[in-house]
Amino acid sequence: MKTDLFDFEVPEELIAQSPLENRSDSRLLVYYRKKDLIIDSFTKDISSFLNNDYFLVFNNSKVIPARLKIIKKENSRDGEILILKIIDDFTIEVITDKSKKYKLSTEIILPDGSICFVEKDIDQFVKIIKSKTSIFTLNYLEKYGSVPLPPYIKGGNADNYDKERYQTIYSQYYGSAAAPTAGLHFDQNIFSSLDNKQISYSFVCLNVGLGTFQPIYTNNIEEHKIHTEEYFIDNSNAQKINEAIRNKKNIIPVGTTSLRTLESAYKEGSILEGFGKTNLYIYPPYDFKIASGLFTNFHTPKSSLLVLVSSMVGVDKLFEIYKYAIQKKYRFFSYGDAMLII
81 MKTDLFDFEV PEELIAQSPL ENRSDSRLLV YYRKKDLIID SFTKDISSFL NNDYFLVFNN
141 SKVIPARLKI IKKENSRDGE ILILKIIDDF TIEVITDKSK KYKLSTEIIL PDGSICFVEK
201 DIDQFVKIIK SKTSIFTLNY LEKYGSVPLP PYIKGGNADN YDKERYQTIY SQYYGSAAAP
261 TAGLHFDQNI FSSLDNKQIS YSFVCLNVGL GTFQPIYTNN IEEHKIHTEE YFIDNSNAQK
321 INEAIRNKKN IIPVGTTSLR TLESAYKEGS ILEGFGKTNL YIYPPYDFKI ASGLFTNFHT
381 PKSSLLVLVS SMVGVDKLFE IYKYAIQKKY RFFSYGDAML II
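Here this note's numbering is used: the first residue of the sequence shown is 81, the next is one more, and so on.
Honestly, the hints are just simulated from the structure, not real lab data.
All the pointers check out, no bait thrown in.
With a cut-off of at most 20 Å between alpha-carbon atoms, the simulated DMTMM-like pairs for lysine to aspartate or glutamate come out as follows:
1. K320 with E343
2. K403 with D120
3. K397 with E89
4. K382 with E302
5. K200 with E160
6. K183 with D158
7. K149 with E222
8. K223 with D169
9. K165 with E310
10. K328 with D367
11. K142 with D239
12. K277 with D125
13. K153 with D192
14. K397 with D367
15. K357 with D168
16. K403 with E93
Simulated DEER-style distance windows between Cβ atoms:
17. F355 with T171: 12 to 22 Å
18. T217 with E187: 17 to 27 Å
19. G349 with Q268: 27 to 37 Å
From the three backbone atoms N, C-alpha and C, an ideal C-beta is built for every residue, glycine too.
Work out the full structure: start from the sequences and follow the hints.
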């Protein structure tokens, strides 16, 4: 299938540059697949579309201050790296500036003056960077790093407000280079409304990385490769999910990362607890093993996330929905509005 089929134009004014004051005030497009019906609503009213036959699954990974300003020592040019993964206190996996070349052994000056070097090429822009001292800690990133906003939001220039709002309220485990943005809409009022209707939910943890947000550059979607991401499901949450499976609940992942985690951890009728790695790439046709629907944002063109959603509703229907959303002036992408597929 041609990647160009997943290209579309979003009016610039519909690309959300900041979150709404209240998380749950975002608009919600509800799509009933069996009825082929669209309803316009708000995220704060999500529980009115669900009952206790539904079960939600959230990704509680926490975003690290992954963007670091650096200087290339050989020419004193300013640059920037995005940390994808802290391997240990001496070693990080990063994406480098696409406008600059970072060869093996290239020395890099960090914001505190420490010097590190490119130890290994993963691909053209993904590198392993090594320091001679133990500096790559969360405390270091909190001091010198910044929130890794995508470039279509304020040019990627985050402020203090983003430190709070580019995290979900239930985020728990640091490790993501981007937010699992579907969860940004949920506040305590929504969780209270879910509890009041006895709609159960659980949490998984997938550290969001390049596998989630890298665009599709190949001519055909089938040729795209997903970078591996790590996930974890603890015993308590695995038991809750497996109970929902046994009780034949309609399982609704909140976000594509939650969905990919569930589909990856599902083996022989149940979810396996523990650590895992996934490079699962979902594209049409795909037989969903566990997900009955999806709560998700409106995604960027030519992204694996957009392709994933098309696997659930169909390519033609997806773009009917997106055309409708643009006409109705829904806000798009990370800080934008949401859709619920049931």
